[in-house]
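Protein chains: 2
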Amino acid sequence: MGIEDKLQLLREQMQKRGLAAYIVPTEDFHNSEYVGDYFKAREYLSGFTGSAGTLLVCMESAALWTDGRYFLQAGQQLAGSPIELMKSGQPGVPSLSEYLAGHLETGDKVGFDGRTVTRAFVEELRKKMAKKQIIYCGGEDLVDLVWPDRPPLSAEPVWELAEEYAGLSREEKLARVRQKMQEEKADALLMTALDEIAWLLNLRGNDVCNTPVFLAYMLLLEKKAVLCVQEKILSQEIKDKLKRADVTILPYEEIEKQVGSLQAGQRLWADGRRVNYQLLNTIPAGVEQLDQPGPAALMKAVKTPEEMAHLRAAHVKDGVAVTRFIRFLKTRVGREEITEMSAAGVLEGFRKEMEGYLGSSFAPIIAYGPHGAIVHYEAVPDTDAQIQPRGLCLADTGGHYEEGTTDITRTIALGELTAEEKRAYTLVLKGHLRLGAAKFLQGVCGQNLDCLARQPLWENGLDYNHGTGHGVGYLLSVHEGPQNFRWRISKDTDCVPLEEGMVISNEPGLYVTDKFGIRHENLVLCRKGEQNEYGQFMYLEPLTMVPFDRDAIEASLLNEQEKAWLNAYHTKVYERLSPYLEEEEQKWLQAATMAVE
Amino acid sequence: MGIEDKLQLLREQMQKRGLAAYIVPTEDFHNSEYVGDYFKAREYLSGFTGSAGTLLVCMESAALWTDGRYFLQAGQQLAGSPIELMKSGQPGVPSLSEYLAGHLETGDKVGFDGRTVTRAFVEELRKKMAKKQIIYCGGEDLVDLVWPDRPPLSAEPVWELAEEYAGLSREEKLARVRQKMQEEKADALLMTALDEIAWLLNLRGNDVCNTPVFLAYMLLLEKKAVLCVQEKILSQEIKDKLKRADVTILPYEEIEKQVGSLQAGQRLWADGRRVNYQLLNTIPAGVEQLDQPGPAALMKAVKTPEEMAHLRAAHVKDGVAVTRFIRFLKTRVGREEITEMSAAGVLEGFRKEMEGYLGSSFAPIIAYGPHGAIVHYEAVPDTDAQIQPRGLCLADTGGHYEEGTTDITRTIALGELTAEEKRAYTLVLKGHLRLGAAKFLQGVCGQNLDCLARQPLWENGLDYNHGTGHGVGYLLSVHEGPQNFRWRISKDTDCVPLEEGMVISNEPGLYVTDKFGIRHENLVLCRKGEQNEYGQFMYLEPLTMVPFDRDAIEASLLNEQEKAWLNAYHTKVYERLSPYLEEEEQKWLQAATMAVE
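Residue numbers (the numbering used here), protein chains in the order written: chain F, 1404 to 2000; chain B, 1404 to 2000.
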């Protein structure tokens, strides 16, 4: 069926209900970053496969909003379809709510599946169309009626993360979360973020692409814990263990009834930014909502000593695989045919050789030459470029291991580089090194430190249009909050002090359109350092163990301190990785980690 | 009359009214940083002369809270009195509200002059004593009844700041503020901050120590502007000009009636953090309060091109005076008797020689040796130290000129320094230089940049326990918001992007108890730099023009970039100041600004 036909079927359903417009976002019911196939309604209807975008279908028109990462891809995938591409944030491009305000008449009805949007999204619509009496219909998933071969809701088996890895039992975690509820005088806590539920129960699954979580909701009370989940994904052993932790298992869809049965006068902790619109609407009148981030996000972000120890091991494994990949690429390019996609396959092969490897933590980005300048480039057969023995190849990939999640970017020099490429590589490296070497007082937030990574670029009138770093989960989502390295501070910004045990990426970049892209990414672990009369100092321990490319460094641009930091890191990389390498590989790594002078 | 007698008189008044406690804060009715003599009730009752502190008088006890700057001074001044010193923030020391919660019984009455406290202060009391039904009596100034020789309310003549200096007429400023009111749909704006009113009307006064402002309130409506002020401080000429700008003049005390006459349904913009408690309580029921910072603070912080040009001139004058002072101190110390207080007098003399000098912008800090480690040290006859030809002397002073306000700290090397002193001096200088050289994107806040100044100290396990910088007014308060350089971010933190025209101090320090203190302070002017595909870059233009002390610099600790920044600054200092110096002074400055290699 073509796009036109699919939209026609949807419009017939809209007409039956008197809807003037229907909105199809990308999200699942849990506001997940990646979603399972069941939830790919926007992709099904529009043909656009990117990870972010919102489709709007009106009776006479249709439009799709996506961000700068996907302008090119969306343009190609929507070409020839009746769907207009809306480049979010570009001058003159209306936002979805502005567009709707221009197209709807007073009294019109707009529909959407209320489980796939947030309250903030609906509030934004209301605000922009305050003067028109628009009726919002969030109760029905119309796409389901027009998608004959829709994949079923994913129901992959749940498995247990051994306490040896987690460091805390689920009983201990439940007690800690309940302690926070007590502090906030909350009678109930509604958890809908899949990584938080997986973390809390020391369980993992496979219902969402690149993220080892399972579809579930959780309602926690003082004396009761209700897990709403497809029962078939739980083994008897896990059910028994959950029972021992006093967790009641109910069907996945049952969550609305559970929330709806709360009593007036009770205080429910539910994060209005995360819980979906429809579920928030089922909170009975008289139940007070404590609308702030739930306690699990921060607890999960602060890794236990056991998690920290395992993470170091995971990063040595990942470092071996990535170092092998870099050696492969640098030594074989030009001698055999290598494309971006085949290179990604080679790296995946090296990772699979590692014990405990479970799969990639996001779709690999192997971006050669000008492709490197497209920040979220993902090679597909149409774009898959031959890698040549010249210029730069950006490789941003990551894996899940039983010992934790990795995320690493290296930019690899192939053959001779231009002076411009070396200068750019080195300026970004200076920023990476300065942030990585930061020592700071407890209480400092990522917002305070971001500029350390940007300063060498800003001094030269350069910048990168993304955050410097994101939090990383432990065998959970490769992107987690609340910790990060960003500079923008707004009312809605999470500004949390960096605590011992938080894992954050340090990944400044520089992107020169049509030429090359550079990004240097290590994961760093926030640690306590010296404590003295001035306070508790903190530092960032690098977890990632992979050399930077000496062939791309313009040493004259590094100051003595930066050279010392780089050389110390390279010494550590060699020490950690060499025991796991073959003799030839060891020799190669020794040369690759020689001191820069 | 002794302290005991004064407290006794107050207690008699308290008893008549059935008050169990009475609170005497430091503030005037305008939440000013410095206050006029009329408002020094806490000083009168307690004998403590510091600029911050709150006195609590109960029937059987009395206590005074002050912060770390004043522990020493308050300890000396309260010694022998019945008032207990409470060191705010020290472990085990209760806050005022905690102390009250421990001393008051259910149903007790606590009194204070509601014009001298903020609503936040009273809310904090309510919160801490939520379980006791305390009655808050903010309607009466009891100190007035027991202070026979209280100085009258200051009523110094108001004078006009020429439009040539301000850059905008009062009519233009009124129109801009009203524009903001319209954007916020505010029918009225209540202004109580004295510097905002002085800024808005292009008037200056002399009712508050170190700050050229006058006592006034302002209520601005769309078609009406009411200035509540002691009429006698306005000349006929100024009254005529205000009339031409449609400003109605009413008595100072009339403000409460004016606010009280607002109509239900109107929307009043009144910053609950600044407007005093009693005045907020006069807002009639049904008047909606828009409780956010008023528009004048930000407008005032962004200097006009005319103000910027005059500021440069003011800083050259101030630079000449301070440079003469440094030369005097370095060449005469050991040859004649110089004390901290006499040195302050010498510097004041040099400033007075400058045309357009109006007075100091705060009490001068000349702190020799160990006194430098006391952050807000102010020499008094009892502490006034002889300055010797060895060690470091910290000089933090500032002046008001018609062309603007200055604030500068230099730490001056006298004779040979120890290696520890030179290292400390140079580490602080590195931070000062790094922040001063910052180039950054528009949108960046002071919170993003603060760490640049601290990094060289943090790397060595050192810190200073104060912000790196504060905003500075134009011939107004030497401390103004909302711009600053600080790293702590909280819900109540002002995080505002740095805009072209903002003036901020850059003043990292290091304080080694019983040894020395170091602070390097320039005022910097935020400027627009290069604009390119990455955005609008900003930089900080140094306004202060005074050399750092080459004798104190350990050059081996500076990297090449830092040396280049320092030498470029010194070249500019010489160029700007030398035309105004005598030949001998020029020679001295030439040597003092020679390149550091």
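There could be a bad hint or two in this list.
It does not matter which identical chain is meant; a pair holds if it fits inside one copy or across any two.
As the list claims (entries may be wrong) - Distance condition first, Cα-Cα at most 27 Å in a straight line; then the derived DSS-like pairs of lysine-lysine: (1) 1583 <-> 1530; (2) 1443 <-> 1512; (3) 1660 <-> 1646; (4) 1660 <-> 1588; (5) 1931 <-> 1512; (6) 1842 <-> 1512; (7) 1990 <-> 1530.
I should point out that these hints are in silico values taken from the structure, not numbers from a laboratory.
Hint check:
1. Only between protomers do residue 1583 and residue 1530 lie at most 27 Å apart by alpha-carbon distance; the minimum there is 21 Å, versus 34 Å within a single protomer.
2. For the homomeric pair residue 1443 and residue 1512, the shortest alpha-carbon distance inside one copy (24 Å) is at most 27 Å, but the shortest distance between copies (64 Å) is not.
3. When the C-alpha separation of residue 1660 and residue 1646 is checked against a cutoff of 27 Å, the pair qualifies only within one copy, where the shortest distance is 21 Å, while the shortest distance between copies is 67 Å.
4. Within a single copy, residue 1660 and residue 1588 get their C-alpha atoms as close as 23 Å, which meets the 27 Å cut-off; across copies the closest is 42 Å, which misses it.
5. For the identical chains of this complex, residue 1931 and residue 1512 are neighbours neither inside a copy (55 Å) nor across copies (47 Å), given an alpha-carbon limit of 27 Å.
6. Taking the closest pair of Cα atoms, residue 1842 and residue 1512 never come within 27 Å of each other, the shortest separation being 55 Å inside a single copy and 50 Å across copies.
7. For the homomeric pair residue 1990 and residue 1530, neither the shortest alpha-carbon distance inside one copy (63 Å) nor that between copies (67 Å) is at most 27 Å.
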